[in-house]
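Participant: Here's the letter readout for the chains.
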Amino acid sequence: MVRFIVRRMLQMAGVLVVLSMLLFVWLKALPGGPVSAILGERATPERRAALEAALGLDQPVYVQYLRFVERALHGEFGASTAVLPGEDAFQVFLIRLPATIELAIFAMVLAVALGIPLGYFAARRKGSPLDSGAVVFSLIGVAVPVFFTAFLLKYFVAVEWQLLPVSGRQDPSLDATRVTGLFILDGLLTREWDAAWDALRHLILPAVALATIPFAIIFRITRASVLDTMDADFVRTAEAKGLTASVIRSRHVLRNAMLPVVTVIGLSLGGLLAGAILTETVFSFPGIGDAIYQSQRDKDYAVLTVLILASAAIFVIINLLVDIAYAVLDPRIRTR
Amino acid sequence: MTTEPSYAGRRKERIDALAAHSFDETAGVSLIVSAWRRLRRDPVFLFGLGITVVFIVLAVISPWIAPHDPAAAPLLDKVRPQTNPVPGPEPGFPLGADDRGRDLLSRLLVGSRQTLVVGVFATIFGLIGGLFLGILAGSFGGAVDSVVMRIVDVMLSVPSLLLAFTIAALAPRPSQTTLIIAIAIIQVPIFARLLRGSMLGQRSSDHVLAARALGVKKSAIVFRHVLPNSMGPVIVQATLVLAIAIIDAAALSFLGLGSPDDRQPEWGQMLGRSQEFIYDHPHLAVYPALCIITVALGFTLMGESMREALDPKTRR
Amino acid sequence: MRTVRKLASMAAVGALALTTVSCAESERGDGGGEGGGGESTFTFGAAGAPEMFDPLYATDGETFRVTRQMFQGLLGIEPGTAEVVPELATEWTSNEEGTEWTFTLRDDVTFHDGEPFNAEAVCANFERMYDQNEAGQVAAEYWGYVMGSFANDPDNSLYQGCEAADEFEAVVTISRSTSGFPTMLTLASLAMQSPAAMEAGDANGIATQGEGFSFPDYAQNPVGTGPYQFVEYDQAVGTVSLEAYDDFWGDAPASSDLTFRVIPDESTRRQELEAGSIDGYDLPNPADWSGLEESGNSVEVRDPFNIFYLGLNPEANPQLKDLKVRQALYHALDREQLVQTQLPEGAEVATQFMPSTVSGYASSLEPYAYDPDQARQLLQEAGAEGMTLTFAYPTEVSRPYMPDPQQLYEALRTNLEDVGINVDVKTASWNGGYLDNVTAGKYDAYLLGWTGDYDSAFNFVGTFFGNLKENDFGTKAYPWGQQLADDLQAADAVVDEDERGAAFEEINAQIMEEYLPGLPISHSPPALVVGPDVEGVIPSPLTAEEFSTVSVGGQ
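Protein chains in written order, with this note's numbering: chain A, 1 to 336; chain B, 337 to 652; chain C, 653 to 1207.
Excised from the complex, chain A in its bound form (with noise of 0.2 angstroms):
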């Protein structure tokens, strides 16, 4: 088990190093870039000269890159140009990722508080009006592009019926304390009610958009998988055996349904970053997501690079934890 993990996270490294290289080769040979952005319309080739020579980029693109490793074994990747400008890339990745982690957890537990006991029940009721109803409910939420999704929640909920904020993450006027960065977390830790409620206010329309993900995952998965429990030998002999169907149900068919449907929530969580690059561009909502999408817009390449590299790491290790709590709950891979 230890060989494989470190196995894993040796292989990972890795990857990251070339993948950084690719990235920052890549990068430099793209047209314009931060000189043009901080320039402008005074942009003269003499300012020019003189911006590049003074950020190095008139060295050769391997002298910038080990620069660059060289900065990044002291914690420096460059500082932001655009997202937060003259903030280490690698703090702005800090500074934003608690947004999406509150806003990917809190997707995943409507995700799931939705999407299990309507798989369970559709099961349960195969071929059923509900049945039929909730598969077409899925797979138009598959059909609809997410940050449509999005943009119709903003447009009436927000904007029209006024119920909740259009953007952003709490209200600044709160003035309120700051604690772990998980906004909701530190409005209950410091008991500051109101600020921990914006917060959460804030959190429902990006979370319910991103939510639509992971439901039609969630949702098919535990359908299936309820469905093969439900035909599988151990169930039919409990029903030879004359147990009550409430018993069947609860201790046969829940929890071994539950299995693959356990993995999957924890490995879209991945899948979330991606889909916070939609939601929280429609909703300003400071995180991760956002910042990708302005470091590419604004070519805030420092921030692009760092923020690449670190969702990439972050895969590798939900992918790496996920197996290591697979091998543990099921003792059958651990013997392969």
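Wrong hints could be hidden among the right ones.
Stated by the list, open to error - Partial list, computed: chain B residues near chain A (C-beta under 7 angstroms): (1) L498; (2) L591; (3) G592; (4) A625; (5) I629.
To be verified - Quick list of simulated restraints, FRET-style, between CB atoms: (6) A:P45 - C:Q1162: 22 to 28 angstroms; (7) C:E749 - A:T44: 24 to 30 angstroms; (8) B:R509 - C:G1038: 25 to 31 angstroms; (9) C:E748 - A:L174: 44 to 50 angstroms; (10) B:D405 - A:Y62: 50 to 56 angstroms; (11) B:I401 - C:P1024: 34 to 40 angstroms; (12) B:D405 - C:A1154: 51 to 57 angstroms; (13) C:R828 - A:A29: 42 to 48 angstroms; (14) C:E815 - A:L174: 48 to 54 angstroms; (15) A:A29 - B:R377: 52 to 58 angstroms; (16) A:R251 - B:L626: 42 to 48 angstroms; (17) A:R124 - B:D405: 53 to 59 angstroms; (18) C:E1033 - B:G424: 45 to 51 angstroms.
Honestly, the hints are just simulated from the structure, not real lab data.
These numbers come from a predicted model, not from an experiment.
We treat Cβ as the ideally placed atom computed from N, Cα and C, and that holds for glycine.
Please build the complex by placing chains B and C on the supplied structure of chain A, with the hints as guidance.
Facilitator: Chains B and C in isolation, oriented as in the chain A frame:
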């Protein structure tokens, strides 16, 4: 390699399950025939098929039925950036115009064409890439197989939209081609795994063994026997991928990674560009969005019911 | 039963965790302002995060909008105009050569940290701006732009020294007379900052880090003399908070608090305004103007202080060296139609490279008429019928002078094609290669423009043609390029304002009638929108609004 439970693993299982269908004991052809027999009576499939057929026909004939040239701006004179940024409906222009004075109905109609182009090309390029890797892995086996599949698994472990975004964002300048390439690349691992699984399964099947015993060349076996028999699941997957490709293209356009040249309309691009006017003129966004949703739903319904029809479990 | 026990123990652990971390105390203050006057907050939607808060190193409008509320210059701008008025200096005089300027200062000003504002502070500011390290020399964009260079290169520097002649009298020496001085002291970048705070926060300790800059502590704790003082910048939510400075020398601001909220997406800014959670934002899309007005907001249109032009580069296409070809292109453009249909209300057809409010504007000039026939004829005379023109526009950008580049481009392209020119369409994104290609001379023709920094003719035409070696118009390829650059420098050095104005008028006429190095198209008014209950906004042509007069909710 053990079965992996990860997200990628889940996707892999789905793909592998699909790959397994093509070499069910009841030889390939009869399987497809029986699947078709079931599908013919499946309302979900027929509904999806209907949407798809209408969409494809529209994409082909739209330039001739569109009332106006989608690139021309007959209502440009009516456009006033301030007082009338988006001209409303009027005789001859049932849906009005967009912000550049171009007939919206014509753009929606002709937009089907570019949308189909994006979807189909992304799928075909993804398929070709997958075919290449799949054949490489499936026919050589051994070290080649494990190296190729390692790469494929790494790609599968990254959420596809993020990968597509990264690839598109790294293009020197956004265009329809970069969009297609970005989306195609994320399909490659899916097709690669599908084909490899299917080919591995067939390696030991009777007709391949027979061909080999008769001394048929390896390449000929692959291209004449193995590949054709893998087509069932490939078609199913391609149908599903088409829907995803169209949605992802819209998402990337929305994020500003689509083609900046909008003379030839494309739904995803229309939707992305409409953001500017979304408050006062939401119809500019809603029409192309509805088109995308309908078509994506059509492909998804069709693909899912085909998958179910091919699935031996549900056939019981 | 077992599950119940499990739950109970989990709850206990949870409660324990909560109590151990709930030493996290609320740090909420008891309200920002101490009741001085009306307690109200004006919240403004910003399009991007501010770079930091030291105006010397600032380059973009979002940052200046914030620093302008906290800092003041020696010279100010009359609200609603581009006119220079006294601010921290009450009067200024120069010697005859225009090289030695004496500023008489206000004697009732203190910085937000309580330090006195006097001649010593002024000189400390100048010396600080002048004495920059390598990174600072690049980051201090505006100083470099108006002063030429820094302490390590005094020969090329306009600024030569500053001396405190008296407690409230500062003397600044410059190397030569120029129209830009002292008008340039209205620039937000050259505002007065507290020398004590700058020293404490190591204000000059800027460094490059990767492709950007890392700023010293001071840049996050700015101290000025303006009506508002800095409270905090919350990066996690993207808000900057300012509050009224109680000992401000002028009138106390109408709103006690000022908040800037970063909302990168334009349509979201609009929605937030309609929802009432922000009170205004800058540069609303012209398409939204009427909708905004309908829902009770007021769109404040500024006087245009910019120029949108079609740049030409004879080095990229030698056919452009012929004046007839350039005139033909100009006659081919239907600018009246363009202004009517593509630009917001208040936009004007340009007759020259600067707006009419700047002194030196040649009011005698008439716009080149839209005349496709004459254009064709001129092309024929020049032997350039069917010429091919590589004509470019930028994507992913909207500037005050060109709200929608692609749309403007399409209209101009159609005009050019109508007279038989083959247009080779080129495009690149603004930061992603467009500007590089323009300065590198890769396009025959391109769309670009300029917003004035301050009321100065040289800031327009001098920027375009004053530097012979390096300008986007490739004027060094023309026989008159040198002459034009010399004339501009000479006019700029004229001390007397009226004489200087006359000199620029003459040059402007010459540029348009004899040289025509590019084709000025239009001036567009950028707008600002505020909510229904906001009063007291004075739109500034320089987009340099001061929010101290703004009140919310009729207070």
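Participant: Does the CB of L591 (chain B) sit less than 7 angstroms away from some CB of chain A?
Facilitator: holds (6 angstroms)
Participant: Can the suggested window of 22 to 28 angstroms be confirmed for the beta-carbon pair P45 (chain A) and Q1162 (chain C)?
Facilitator: Holds, at about 26 angstroms.
Participant: Should the interface hint for I629 (chain B) be scored as holding, given a Cβ-Cβ cut-off of 7 angstroms against chain A?
Facilitator: holds (5 angstroms)
Participant: At the C-beta level, are D405 (chain B) and Y62 (chain A) separated by a distance inside 50 to 56 angstroms?
Facilitator: About 51 angstroms separates the Cβ atoms of D405 (chain B) and Y62 (chain A), which means 50 to 56 angstroms holds.
Participant: 34 to 40 angstroms was suggested as the range; check whether the CB atoms of I401 (chain B) and P1024 (chain C) agree with it.
Facilitator: Given about 35 angstroms between the Cβ atoms, the range holds.
Participant: Holds or violated: the 42 to 48 angstroms window for the beta-carbon distance between R828 (chain C) and A29 (chain A)?
Facilitator: Holds: the Cβ-Cβ distance is about 43 angstroms, inside 42 to 48 angstroms.
Participant: Would you say the C-beta atoms of E815 (chain C) and L174 (chain A) sit inside 48 to 54 angstroms of each other?
Facilitator: holds (50 angstroms)
Participant: For the pair E749 (chain C) and T44 (chain A), does the Cβ-Cβ distance stay inside 24 to 30 angstroms?
Facilitator: holds (29 angstroms)
Participant: State, for the Cβ atoms of A29 (chain A) and R377 (chain B), whether the hinted interval 52 to 58 angstroms holds or is violated.
Facilitator: holds (56 angstroms)
Participant: Is 44 to 50 angstroms right for how far apart the beta carbons of E748 (chain C) and L174 (chain A) are?
Facilitator: violated (60 angstroms)
Participant: Against chain A, run the beta carbon of G592 (chain B) and see if the smallest gap drops under 7 angstroms.
Facilitator: holds (6 angstroms)
Participant: For the restraint on A625 (chain B), tell me whether the closest CB of chain A is nearer than 7 angstroms.
Facilitator: OK, holds: A625 (chain B) within 7 angstroms of chain A, min 5 angstroms.
The structure fails to meet hint 9 from the earlier list, while all remaining hints are met.
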